[in-house]
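Undergrad: With these hints in hand, go ahead and build the complete structure from the sequences.
2 protein chains.
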Amino acid sequence: MKLSSKNYGDRTDYLYDVIIAGGGAGGLSAAIYLARYGLKCLVIEKGKGRSFWMQELRNYVGLEPDTPGRKIQKDATAQALQWGADYLAGFVEDVSDLGDRFAVKVKLGKKESIYPVFHSKYFIAATGIIDFLPEIDDMQNVYDYAGYTLHVCLICDGFDMWDRKAVLIAARESQIEAAFVMNWFTPYITVLTNGKFEVGDAMRQKLAEHGYPLQEAPIKRFLGEDHHLSGVELADGTIIEATTGLINMGSKYYNQYLKGIPELTWDGENLVTDEFCQTSHPRIFALGDLKKGINQVSIAVADGTLAGTKIWRNIRRAAPPRKWEENIVKT
Amino acid sequence: MKLSSKNYGDRTDYLYDVIIAGGGAGGLSAAIYLARYGLKCLVIEKGKGRSFWMQELRNYVGLEPDTPGRKIQKDATAQALQWGADYLAGFVEDVSDLGDRFAVKVKLGKKESIYPVFHSKYFIAATGIIDFLPEIDDMQNVYDYAGYTLHVCLICDGFDMWDRKAVLIAARESQIEAAFVMNWFTPYITVLTNGKFEVGDAMRQKLAEHGYPLQEAPIKRFLGEDHHLSGVELADGTIIEATTGLINMGSKYYNQYLKGIPELTWDGENLVTDEFCQTSHPRIFALGDLKKGINQVSIAVADGTLAGTKIWRNIRRAAPPRKWEENIVKT
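Those sequence lines, one after another, are chains Z and X.
If you read the first sequence in my numbering, its first letter stands for residue 2, the second for the next number, and so on.
If you read the second sequence in my numbering, its first letter stands for residue 2, the second for the next number, and so on.
These aren't lab readings, by the way, just hints derived from the structure by calculation.
C-beta: ideal position from N, C-alpha, C; glycine also.
It cannot be assumed that every hint is accurate.
Stated by the list, open to error - If we take Cβ atoms under 8 Å as the criterion, some of the chain X residues that face chain Z in the derived model are:
| # | residue |
| --- | --- |
| 1 | L29 |
| 2 | Y34 |
| 3 | R37 |
| 4 | G39 |
| 5 | Y61 |
| 6 | I329 |
Stated by the list, open to error - With a cut-off of at most 30 Å between alpha-carbon atoms, the simulated DSSO-like pairs for lysine-lysine come out as follows:
| # | chain 1 | residue 1 | chain 2 | residue 2 |
| --- | --- | --- | --- | --- |
| 7 | Z | K324 | X | K197 |
| 8 | X | K311 | Z | K166 |
| 9 | Z | K311 | Z | K75 |
| 10 | X | K324 | Z | K166 |
TA: So, in structure tokens, the structure goes:
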């Protein structure tokens, strides 16, 4: 059932089996599995996550390579609802562990927000990450290319850079190291700092040895049309020819709501999980980009399968067995 | 490129980066990733595997729940070919480890077969399993229901058995244990041995305590129409009312071609693998149902991502870095 600020009250006295924060590929896969195990779950989706922005999902078995992320998200939301999951557009503010259940506080509505609390036995964190983008005066100019010909993931889109002139935009020196993976796909790499950080001598020398120019002036604007990059203009007037590029500036992790749970184990901003995506808290699972591992839709979808199945096993094994009563001979 | 008995000769002198045995969801996912990493791979598909027989793939993110397995297989084959993978309809007979490469012997054609040998640096085993079905005189009668309303996987289809009268068909006593998982979905379970094995006293008592009848006569035929089961008729004339059921008779593993590789570690018929689906042989990977773990399309697809990415990393790290030669100042 789709919940909203109008009807959520039906569910605030309810104990869900599982609340899933995040309605991307991982969270929705978990919801589809949980619903088909007959468990009651609620997906809380804040909107506009990483899969929403994905323009073309090139490498997922069964979908055309021009399928946008928002289509898979829309279709999988319908799948989850069809099998009986609940779904709410909202932002998870806080998760409190009450011992036998979680209290999940959700912000509903951007203006005059309300903050209902929902309860569940298990909790799945699947809110993912969002890539930082270069900051320039006209952000619309960035959005015109980011996710189209200016990529954020080499695994997804390195192939589409093959032997093309490309920029690599970093936010700190260590992120320039991506050039030495990106060069598998193209050696024609110009590195841009957008005027935001200093580059040390060792990295300068490494770039020079590979022939990759380093440009340290701020970016003025991206050039091109119809989402097809043709170059980058810098504030000092330099124009860099490039038809593709990689933005490698790190990511914002949507995991703040978990920071008050002491049992969790972190590796930087990633949650450490076992082979079923269970964190070091036995009733909290983490999927997709929030956990350690490769950030791919296929991995998030499998994570949803694994977490959903493990939670079902736990709940099933703790439940009394269902008998065919009329057949049992009372002695 | 699609290979056949007409044109395979173009590739027999060729060293592939990877040969993938099996063109189901896992093998094709690996092929899509490998091709998009710019690696040369060959998929060898024998046809009519488990995903081919799947009538409705209910729980895969992004596909309508009535999508048949053969559609996802056809579409993903086109995806892999589009990105540059080679594809051959054939049966992998044998894999020999020549130290720095594998020699993969393939049977082409059912009549007047020929046996070309292909070579690769890495090998991926993704040939999966096929479920054993109950043997009766008229096997077409079994095929009319198996995969439709008579299922082979509780994770996939348990939901569709909810509170319905169901049969559980086993091939040996230990497989009857599935009744005590299946009863999460329905308690109205009749257990059938198809007259093939004896059941001990402890199991008889456990079934009686749950109220699940045990029928030990051979199956004469499945009743119903248009793939909708209505019951099962036994050789002794008994008619069991049931609209669904689970066939839990074990599986045939397509892994014979690997039995001559001494480095592999087996758990029964499953290959033991690490978190990237690498077996204990550093250049052999195993995906999906062949490896230990949950047998689901979503898992096989992620396995292809993991294996493809790990192989790319290995090959990339061993390759000399590509430089932008014209920019390098010779000193």
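Undergrad: Let me know if the C-beta of L29 (chain X) comes in closer than 8 Å to any C-beta of chain Z, holds or violated.
TA: Result: holds, 6 Å to nearest chain Z Cβ.
Undergrad: Hint check: is the beta carbon of G39 (chain X) less than 8 Å from a beta carbon of chain Z?
TA: holds, 7 Å
Undergrad: Are the Cα positions of K311 (chain Z) and K75 (chain Z) separated by 30 Å at most?
TA: holds, 26 Å
Undergrad: Taking only the CA atoms, is the gap from K324 (chain X) to K166 (chain Z) under or equal to 30 Å?
TA: holds, 13 Å
Undergrad: When the nearest CB of chain Z is found for I329 (chain X), is that gap smaller than 8 Å?
TA: Hint holds; I329 (chain X) Cβ to chain Z Cβ min 4 Å, cut 8 Å.
Undergrad: Would the hint linking K324 (chain Z) and K197 (chain X) be met if the CA-CA limit is 30 Å?
TA: holds, 26 Å
Undergrad: Against the 30 Å threshold, does the CA-CA distance of K311 (chain X) and K166 (chain Z) hold or violate the hint?
TA: holds, 26 Å
Undergrad: Mind checking the CB of Y34 (chain X) against every CB in chain Z and telling me if the closest is under 8 Å?
TA: holds, 6 Å
Undergrad: Does Y61 (chain X) hold up as a contact with chain Z if the rule is Cβ-Cβ below 8 Å?
TA: This hint holds: Y61 (chain X) lies near chain Z, its Cβ roughly 7 Å from the closest one there, short of 8 Å.
Undergrad: Would the stated hint for R37 (chain X) survive a check requiring a Cβ distance to chain Z of less than 8 Å?
TA: holds, 4 Å
Against the hints set out earlier in the document, no violation occurs for any number.
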